Each structure stands twice: as structure tokens, then as C-alpha cells.
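Sequences and hints are given; from them, build the entire structure.
These are the residues of each chain, in order.
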Amino acid sequence: MSALDFINPGSGLYAKREPVFPRVVDGRFRRLKWLVMLVCLAVYYITPWIRWDRGQYAPDQAVLVDLANRRFYMFDIEIWPQEFHYVAGLLIMAGIGLFLVTSAVGRAWCGFACPQTVWTDLYQHVERWIDGDRNAQLRLNNAPWSAAKLGRRLGKWSIWLLIAVATGGAWIFYFADAPTLASQFAAGDAPFVAYATVGVLTLTTFTLGGFMREQVCIYMCPWPRIQTAMLDEKSLIVTYRDWRGEPRTQGVKKAASAGGRQGDCIDCNACVAVCPTGVDIRKGPQLGCINCGLCVDACDEVMGRLNRPRGLIDFLNLDDQANERAGARPVPVLKTLLRPRTLIYFAIWSSIGLFMLFTLGERARLAIDSAQDRNPMVVTMSDGEVRNGWTLKLRNMEHRPRRVTLAMAGLPGGRLWSDAMDRRDAARSITLQLAPDATNVLHLYVIAPGGPAGETPFTLTATPRDAVAGSRDARAAARDVKFIRQ
Amino acid sequence: MTDHPAGPKRVDDATGTSLVGHEWDGIEELDTPLPRWWVYIFAACVVFAAGYVVVYPAIPDMAGTAGWTSRGDLAAMLTAETAARAPKLKAIAATPIEALADNPQLMRIAIEGGRAAFKVNCVQCHGAGAAGSRGYPNLNDDDWLWGGDIAAIRTTLIHGIRSPGEDETRFSQMPAFAEILGKDQIRQLVSHVRVISGQDHPSRAAKAGAALFAENCASCHGDAGKGNRALGAPNLTDSIWLYGGTRATLTTTIAKARYGVMPHWETRLDAVTIKMLAAYVHSLGGGEASPAAAPANEPDVGT
Numbered sequence: 007m008s009a010l011d012f013i014n015p016g017s018g019l020y021a022k023r024e025p026v027f028p029r030v031v032d033g034r035f036r037r038l039k040w041l042v043m044l045v046c047l048a049v050y051y052i053t054p055w056i057r058w059d060r061g062q063y064a065p066d067q068a069v070l071v072d073l074a075n076r077r078f079y080m081f082d083i084e085i086w087p088q089e090f091h092y093v094a095g096l097l098i099m100a101g102i103g104l105f106l107v108t109s110a111v112g113r114a115w116c117g118f119a120c121p122q123t124v125w126t127d128l129y130q131h132v133e134r135w136i137d138g139d140r141n142a143q144l145r146l147n148n149a150p151w152s153a154a155k156l157g158r159r160l161g162k163w164s165i166w167l168l169i170a171v172a173t174g175g176a177w178i179f180y181f182a183d184a185p186t187l188a189s190q191f192a193a194g195d196a197p198f199v200a201y202a203t204v205g206v207l208t209l210t211t212f213t214l215g216g217f218m219r220e221q222v223c224i225y226m227c228p229w230p231r232i233q234t235a236m237l238d239e240k241s242l243i244v245t246y247r248d249w250r251g252e253p254r255t256q257g258v259k260k261a262a263s264a265g266g267r268q269g270d271c272i273d274c275n276a277c278v279a280v281c282p283t284g285v286d287i288r289k290g291p292q293l294g295c296i297n298c299g300l301c302v303d304a305c306d307e308v309m310g311r312l313n314r315p316r317g318l319i320d321f322l323n324l325d326d327q328a329n330e331r332a333g334a335r336p337v338p339v340l341k342t343l344l345r346p347r348t349l350i351y352f353a354i355w356s357s358i359g360l361f362m363l364f365t366l367g368e369r370a371r372l373a374i375d376s377a378q379d380r381n382p383m384v385v386t387m388s389d390g391e392v393r394n395g396w397t398l399k400l401r402n403m404e405h406r407p408r409r410v411t412l413a414m415a416g417l418p419g420g421r422l423w424s425d426a427m428d429r430r431d432a433a434r435s436i437t438l439q440l441a442p443d444a445t446n447v448l449h450l451y452v453i454a455p456g457g458p459a460g461e462t463p464f465t466l467t468a469t470p471r472d473a474v475a476g477s478r479d480a481r482a483a484a485r486d487v488k489f490i491r492q
Numbered sequence: 017m018t019d020h021p022a023g024p025k026r027v028d029d030a031t032g033t034s035l036v037g038h039e040w041d042g043i044e045e046l047d048t049p050l051p052r053w054w055v056y057i058f059a060a061c062v063v064f065a066a067g068y069v070v071v072y073p074a075i076p077d078m079a080g081t082a083g084w085t086s087r088g089d090l091a092a093m094l095t096a097e098t099a100a101r102a103p104k105l106k107a108i109a110a111t112p113i114e115a116l117a118d119n120p121q122l123m124r125i126a127i128e129g130g131r132a133a134f135k136v137n138c139v140q141c142h143g144a145g146a147a148g149s150r151g152y153p154n155l156n157d158d159d160w161l162w163g164g165d166i167a168a169i170r171t172t173l174i175h176g177i178r179s180p181g182e183d184e185t186r187f188s189q190m191p192a193f194a195e196i197l198g199k200d201q202i203r204q205l206v207s208h209v210r211v212i213s214g215q216d217h218p219s220r221a222a223k224a225g226a227a228l229f230a231e232n233c234a235s236c237h238g239d240a241g242k243g244n245r246a247l248g249a250p251n252l253t254d255s256i257w258l259y260g261g262t263r264a265t266l267t268t269t270i271a272k273a274r275y276g277v278m279p280h281w282e283t284r285l286d287a288v289t290i291k292m293l294a295a296y297v298h299s300l301g302g303g304e305a306s307p308a309a310a311p312a313n314e315p316d317v318g319t
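Residue numbers (my numbering), protein chains in the order written: chain E, 7 to 492; chain P, 17 to 319.
Note that these hints are calculated values from the structure, not bench results.
Among the hints, erroneous ones may be present.
To be verified - The calculated DSS-like cross-link candidates involving lysine-lysine, where the alpha carbons are at most 30 Å apart (straight line), are: (1) Lys22(E) to Lys155(E); (2) Lys240(E) to Lys260(E); (3) Lys104(P) to Lys135(P); (4) Lys25(P) to Lys289(E); (5) Lys162(E) to Lys22(E); (6) Lys135(P) to Lys399(E); (7) Lys399(E) to Lys104(P); (8) Lys488(E) to Lys135(P); (9) Lys135(P) to Lys106(P); (10) Lys242(P) to Lys223(P); (11) Lys240(E) to Lys341(E); (12) Lys25(P) to Lys22(E); (13) Lys488(E) to Lys399(E); (14) Lys199(P) to Lys223(P); (15) Lys289(E) to Lys341(E).
To be verified - Label pairs and their in silico Cβ distance ranges: (16) Tyr56(P) to Ile232(E): 24 to 32 Å; (17) Ala60(P) to Val49(E): 57 to 65 Å; (18) Tyr56(P) to Cys274(E): 33 to 41 Å.
As the list claims (entries may be wrong) - A few chain P positions that, by computed beta-carbon distances, are all more than 10 Å from chain E: (19) Ala65; (20) Ala66; (21) Ala74; (22) Met78; (23) Ala91; (24) Ala99; (25) Arg101; (26) Leu105; (27) Ala110; (28) Thr111; (29) Ala115; (30) Ile177; (31) Gly198; (32) Gln201; (33) Ala305.
Small disclaimer: the values here were computed from a predicted structure and weren't measured.
The beta-carbon is built from N, C-alpha and C at its ideal position, and this holds for glycine as well.
This is the structure in C-alpha cells:
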């Protein structure tokens, strides 16, 4: 009885959550779910601990989102903020990948790989281990509070809490050197944000995996709604073959007496009992169905015991439902999967991936950016020559110090020098020592004989001095700028 | 939109949920009950908001019980910032100004500190980019009236130029030659100055002006007109003019003289700020090396 019901009893405005106690089941989709869960959790927990040698000037963590230094490391790939379009490309690939998977095999993401599904599954497994299977859980749920019940609840919640802490704890290791952060965290020296992140993720994991579960899918998540637009008549969805199953047991005698057909469904409710979201798939496709296929496993088991063909509940698309209803054979699954829509999605998805891989392999690791002084733009020197200034940013994206020659092409009579030099050493080119994996900022002066007002374009080129000619890191970075006289 | 008349609730066949009673082109809205936990979250937000209003200042003229203010927040941040800066400022104070260049990191800090102080104290005359204007020197170029090494710049900052009330101020005064020379003689002097600065070809008037220059001007500006920093006498042969190099402005300058004033900052700014300002002005591209310092080749560029 909630306070709101007390204010307005029986209003029907607010619905209490109906707890779901899914029964344990075994079968091909259950085993696939185990496999996916194992892989997902292993990837999530182990990745930050993989080491990757990058030399002395870069971290040795294989996957690291270094927000403080604005670098993103993923094995051999390092992304600078200026290259954030690669991250945008990855997000686009993730989006199109979801479209591809959804149009091919329906809500496979929801049923197998979504963190909400994976962690709920894990929590339910713990629940069964402590409380027993569906019937025992139901009994315990309805039993009055006692020492035994409290003990079981506390035991279950403690294990849930441990998993939740580990989940939040693993997340932070993606953002800092994992071994260092782990010892700092244990010693209480880690940054506040690390503890706050672990706290928040512990809370959400504990709540969403332990108590909210299917409520997240049904009320919170936008993805089921988007699915409605993404699915088409050829997408695989979990389907109850009602043309084979109906009429169910209750109607069998009546149907037999009327000389009608008797359905295969014995109304054992196994499909409902195993459903992690508590839906009855026999009512047809619905928002609550996450397409995990556990009801398929449950029904196959029952059909096997009755020596009836499997697949009363099965992954089937809407077109085939119509075909089968009309007595025709279903189209082979492979043929349905390889249709223009999925192929186009795959083509877009893989071209983006290949294009990004190609550009990642070809990208320059030395870049030059410039901002011309605007106040004053032009400085007349006492000997009548004219000076312009630039703030120059040389990005050395290699993990080693580099020697580069900064030279100018064009602007007759022009010479350049940096703020760390003296004007007497101005020349057509200067040599600079660049710090490793860093943006090297300097102020550049360019001086040229005076002349009529106007702009004279010229090019600044940074050429590495320490690379084998023709190799990729021997590539120069160039910047077109304008010298201004007035 | 069609509104179905009020009456017994109709129920949707497919879902078993009752209908709200509104219909748009045959599409009807189900009266799905809100999950109860959702309502709890709403109630919790209301409770949180009520607590927030009490703890933090939310109503005009009412301080929250936590005593938090945005001004206090700013003051705390400024205090922390000042404390963080203190050791760096102390290091700058302890370093002789000529030795700053030997410590590039400290020099960078000094330049940035000077940049900030310049924006507050100097831009009114010298401009935001220190480019100056007529009568106010451009600090980006390599022409210095009183010296362009970092120590000389600091001396100018400390004592000012022709600054009233400062005994040690840099001082010199050019006479107004309208009371000494005739109009023709001033015209001849202007011609001579135009010639030595490379703006005009030699002429008879200029030749006459040269004699007048040797007699009246060379004592400060030098025989060749190259100026004298000890007296703040400008070099008349270069391309840079504080008040302009045209005949008209030169005539005015000679006839009436100029008397530019810069305040002495010793009494207004602390020694470290003045040091940082000198470092900033010196860094603008025209700064001269200290007499003993050697130029560095192939510099290490910092990050």
C-alpha cells in the first residue's frame, strides 16, 4: 500500500511492479546467452589490465581514455582531440551496426548483449543460487519476514552488492593506469571522482540489475521504441506458431468433438515461467519481449518430451508467418538474412570501418597549426623592414622527441625566428626540438623588406629530420599563411 | 480529434487496457497506468527540491542554512589560486631580472603574469596589443627611446618618464624652437631631418638645415641624428616616428616640442608585477639582449 494509493485509493493511476521469477532453462539459446555473457563480462573486466608497450613517453595500458591529457589509446591506435572524428565515426558505426543487427535478427542486442540484460541475467543466477528456482523464490517472496528469510535476503544482496562494486570498480580503470589506480583506490588516495563514479555505478548496477530489471526495458529505455521503426517483415522475431499451437489444451476436447484440429500447445506455461521480462509470447509480438529466445528453449524441451517437432515457439519473421499460415514453406533463414536492406547496411557499416582503418594507417603524426597575430598585425621595424607574428602549434604525435626543420617557401627576402631565439639568428629555416607526444607551442616572427600594402601568401613547412626518407614519419606538415604589409 | 462521450470505460481488445477516450484518425490512447516507482522518483525529487531550497540560497534575501554563496565560492577559488601562485611569484622575486632568461619556465610564468597586468594597467595608452598609437610608443618594435633590454624596461616602469613627483624619473626636455629659430630655419631643419631619415632627396634647404642641426640639435640627437638613449633623444634616421615623420608633424614637433609622460609605477604596483611587466614588454619581439647574455641557437620548444 503506497501513500499515493492512500490519497486516491483504487484510482488505477499507478501500477505496482509485478515481480518476475524466471524458471531456470537449458537449451541452445540459453547456452548462447551464457557464451555472450561470458565474453561481454570478460571483455569488460579484463580489458583495462592488458599492457601495451609504447615506449617511455606514453602509457603502457592497451585501452585507456586519458581525459586529463586528452588522449585516447586503443592498442596501436592513439586518438588526439583533433582526431575526434574517428570517435564520431565509431559511434556512427555502432549506430549502423545496431540497425544492421536489428534488421537481420531483430532485438538480438536487447536479448543477448545489452548490459541491462547481461547483468540482470547474472543477478538472477545469483538469486537462483541463494533462493532456489522459480517456485522456491515465489514461496519465499510470499512468506512473512523471518530470520531465515532475512538471512537469505541479506546474503543475496551482499553478493549483488559485491558484483555492483566490481562493475563500478572496473569502469574507472579505463580512465587511468589500472594498477596505479587500484592501489590508490585501496589506499584511499584515489581522486574523489573515482570514488564517486564507483559509488554511482554500484548504486545503478545494484538497483537496475537487482530490482528494476524488466522495468528498465519497458519504461526507461528508448531502444524498444526505436525497434518498432527498425524491424521489418523480414526481421527475425520470437514467434508463437499459433496456427500450430491453437487451440490449446482447454479447447482440445471441444475441438475434437467438433471434429476440428487440435493444437500442439499444452498450455504448460513453461514459456511464461522462463521469461525474464514476464511476458506471454503467445499473445504475439510485444514491447516487453527482448527476443532472448529462452521461451524457445523451454517450449522445445516440452515438445521434445511429447515427441512433437520443436519450434512451436521459434525465431521467425512476419513474412514467413504468413507463408506458413497459408501452408507454404518458409524461406531459408540465410536467404532472409542476405537481403538488400541488410546488405546495404553492411556495405555502409563496413565502408566506414575500412575508410577509417585506411585513414588511420595513412594519417600524419606531425601537424602544424597557426594563428596570426591580430593586434598588432604588422610591426614596422626601425630599419624599415616589416614583421608579422604567428602563434604556432606543432603537434608531435609520435611517442618520441623529434627534430624538425621549420622552413618557409615564398615571400622573397623573408626570414623567420622563434621567440626563444634572437632576431640576429633569423633565417629561411630553423631547426626545432619537439617534445614527444605533445603540442609544442611557439611564437614565430617573420620579417621581410617593406613594400606596398597587401598580402603575400607563403608556406610554412615542418620537415622531420630524424626519419628514413620515404617512410611515413618522414612526411612534412605544411601550412599556408599570408604575410601582410600595410 | 474525436472525443468519445463520457460513460462506462471502453477497453482495448488487444491489450485489455482501458482507453482514455480521445481518438485521432482511428488511433486511440491507452490509459496505461504509470509505474508506481516512477511516481516515487517524482515525490523524491520534490522532497530533494524542498531540502535544496532550505540548504542553498533560493529565495531572494534568504541565505541557505549551508551558508553557501557564489561570492564566497569565488573568494575561496581566488584564495586557492593566490596560494598556488605564491611560490612562483616568490621565485620570480628572488631571481635577478637579467637572470630570468636563464630559467625559461620561470620566464614564461613572468611573461604571462605581465600579460595580465598589462591588460589592467597599460592598455589605456599602449593599446591591447601594445601597438601604441600617435604619441604612445609601439612596444612590439625594436626602437627604444630609453633602452630595450629587460633591466632598462624595468627602470622605465619603476620611475616613469617625465613623471611628476618622481625624482628619479627619466627626464629630458626638448626646447620649443619656435622661440629660438625663425620659420624658414625650422623649414630647413625639417628638410634636413627628412633627408637623414631617407624620406626626401638632398636639397639646398636641407643643406642649410644640416648646419642648423649641428648647432641646435646634435647635442642631444647626435651629429648623425641617431639619437641618444641616455637622454631619451629619439633616433631621427630610422623608420619609426612617435608623432609622425611628415613635414607638418615634424614642423610642429620642432616648433612646439613634445612632452610625453608615463607615470612611475613604483608606487602603484609591487616589485614582482613590475618585473613581470618588464618581461612581457621585453617578450613582444623587440626586446634587446641584456649586455652579458648570449643568444641561444636551436631552442627547445616547451609544451
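Each hint, compared with the structure:
no.	hint	in the structure
1	Lys22(E) to Lys155(E)	holds (22 Å)
2	Lys240(E) to Lys260(E)	violated (36 Å)
3	Lys104(P) to Lys135(P)	holds (20 Å)
4	Lys25(P) to Lys289(E)	holds (23 Å)
5	Lys162(E) to Lys22(E)	holds (23 Å)
6	Lys135(P) to Lys399(E)	holds (24 Å)
7	Lys399(E) to Lys104(P)	holds (26 Å)
8	Lys488(E) to Lys135(P)	holds (28 Å)
9	Lys135(P) to Lys106(P)	holds (22 Å)
10	Lys242(P) to Lys223(P)	holds (18 Å)
11	Lys240(E) to Lys341(E)	holds (10 Å)
12	Lys25(P) to Lys22(E)	holds (21 Å)
13	Lys488(E) to Lys399(E)	holds (17 Å)
14	Lys199(P) to Lys223(P)	holds (16 Å)
15	Lys289(E) to Lys341(E)	holds (28 Å)
16	Tyr56(P) to Ile232(E): 24 to 32 Å	holds (27 Å)
17	Ala60(P) to Val49(E): 57 to 65 Å	violated (35 Å)
18	Tyr56(P) to Cys274(E): 33 to 41 Å	holds (36 Å)
19	Ala65	holds (18 Å)
20	Ala66	holds (16 Å)
21	Ala74	holds (24 Å)
22	Met78	holds (30 Å)
23	Ala91	holds (22 Å)
24	Ala99	holds (20 Å)
25	Arg101	holds (21 Å)
26	Leu105	holds (22 Å)
27	Ala110	holds (23 Å)
28	Thr111	holds (18 Å)
29	Ala115	holds (17 Å)
30	Ile177	holds (19 Å)
31	Gly198	holds (32 Å)
32	Gln201	holds (28 Å)
33	Ala305	violated (7 Å)
Going through the hint list in order, the structure does not satisfy hints 2, 17, 33.
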